[in-house]
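Student: Go ahead and model the full structure; you've got the sequences and the hints to work with.
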Amino acid sequence: MHIPDGFIAPQLYLPLYGIAAGLWAHGAKRVARDLDETTLPWLASLTAASFALSFVALPLPGGTSAHVTGVGLLAASFGVWNAFMAASLVFAIQALLFGDGGVTTLPLNALAMGFAGALAARGLFLALRRFHTGLALFLAGWIGLFLPALLIALALGAQPLIAHDAVGAPLYFPFGWAVTLPALLIPHALLGLGEGALTVLGGGLIERLRRRYRHD
Amino acid sequence: MTERGKFVAYLMTLFIVSWLTAPAWLAAGLGAALILCGRDAGRLLRRALLATVAFSGTVSLAYLAHSWWLGRPPPLGWLLAANLRVLLMALLTFLFIARVNLFQALAFSRRLSFLLVLAVSQSMGLRRTLAEFRLGLHSRSPRPAGIKARYRAAAHAAAWLLDRALANAHESAQAMQSRGMFR
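Read top to bottom, the protein sequences are chains A and B.
The first sequence runs 1 to 216 under my numbering.
The second sequence runs 1 to 183 under my numbering.
Derived by calculation from the structure, the hints in this document are not laboratory data.
Since the model is a prediction, treat every value here as computed from it, not as a measurement.
Where a beta carbon is used, it is the ideal one built from N, C-alpha and C, also for glycine.
There are no misleading hints in this set.
In silico negatives: residues of chain A with every beta carbon more than 10 Å from chain B:
{"#": "1", "residue": "K29"}
{"#": "2", "residue": "L119"}
{"#": "3", "residue": "L128"}
{"#": "4", "residue": "I162"}
Pulled a few chain B residues facing chain A out of the computed Cβ check, cut under 10 Å:
{"#": "5", "residue": "Y10"}
{"#": "6", "residue": "G77"}
{"#": "7", "residue": "L102"}
{"#": "8", "residue": "V117"}
{"#": "9", "residue": "S121"}
{"#": "10", "residue": "L130"}
{"#": "11", "residue": "R134"}
{"#": "12", "residue": "L162"}
Tutor: Structure below.
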């Protein structure tokens, strides 16, 4: 479920846009440095894969399902900046072409999921892969889902403190950290197990495919 | 007005609306947006409602229950203002989507346009095939599929998706090379 426009106060989304803009500029420079007929389709395909991964339903007991983010998989396999730029493009496409999510929530999603989630996933993967590649991929997938949930819970829970009226009533998202932290962290800690399992599967597959296309 | 001008106008309007907290101003804004929608008003309002109702509805009901639990009066002012703001901003987005060609709005950058066209066209294809995978699982299962079958199907779908995405990248790169792009 994406956060629509209108729940995040400008006092938060404007500084987040400032931070995200700096990272986007740096990311674009890094990607553009070797943006050619090989890297541009790569980035486009990663974006498309990241977008489509969000439509893969992760089955949960009781007949319900949640959706994969793929951030851990993209970061572990293609690096932080590629994952960040692809995820940011996905959020922009979802907001501006499908009305899913929002323009004012874009920097929060991009920074939490695309950057912090990708950075943690990549770091954990690089640190642990020498011991056990499968475990490293699993934990990359788990942290790639859990850390963004923590950051989004913190951002949402900060809304009543950031924007309130004269008597202290909230003007945007109404719940504080006492509600947002358990509401987001408990389900995402469990959903991360599924995301981790799919990251193990996808990571192995990507390596095999890379070898195949390299020799093609 | 050019497509790029409309894009800037949309972003500016969204920015102004995000500051509004008075229900009267938000209701006036919603009225103005509906007038701008013209004959599409009903369709776009429905889409905006459907896109936001899950999150807004959950938060609104939870906040109402929370206030009741604490013995406070119902937060009618917040309910009105927050839901009007969310609906107005979503309506503006759907009006933008209906009236503005995003590809033309971003045509000032050749590479950004390439990237967007490639990403969106591939996304659409991948999404359509994933929907077919889902329908395939339903049609193969006389009874609702169990969690193991659904997990296996999700893993196959993700694997196919990554395979297809990498193949697309490879094919697009070869197509661009053969046409002398970036030279």
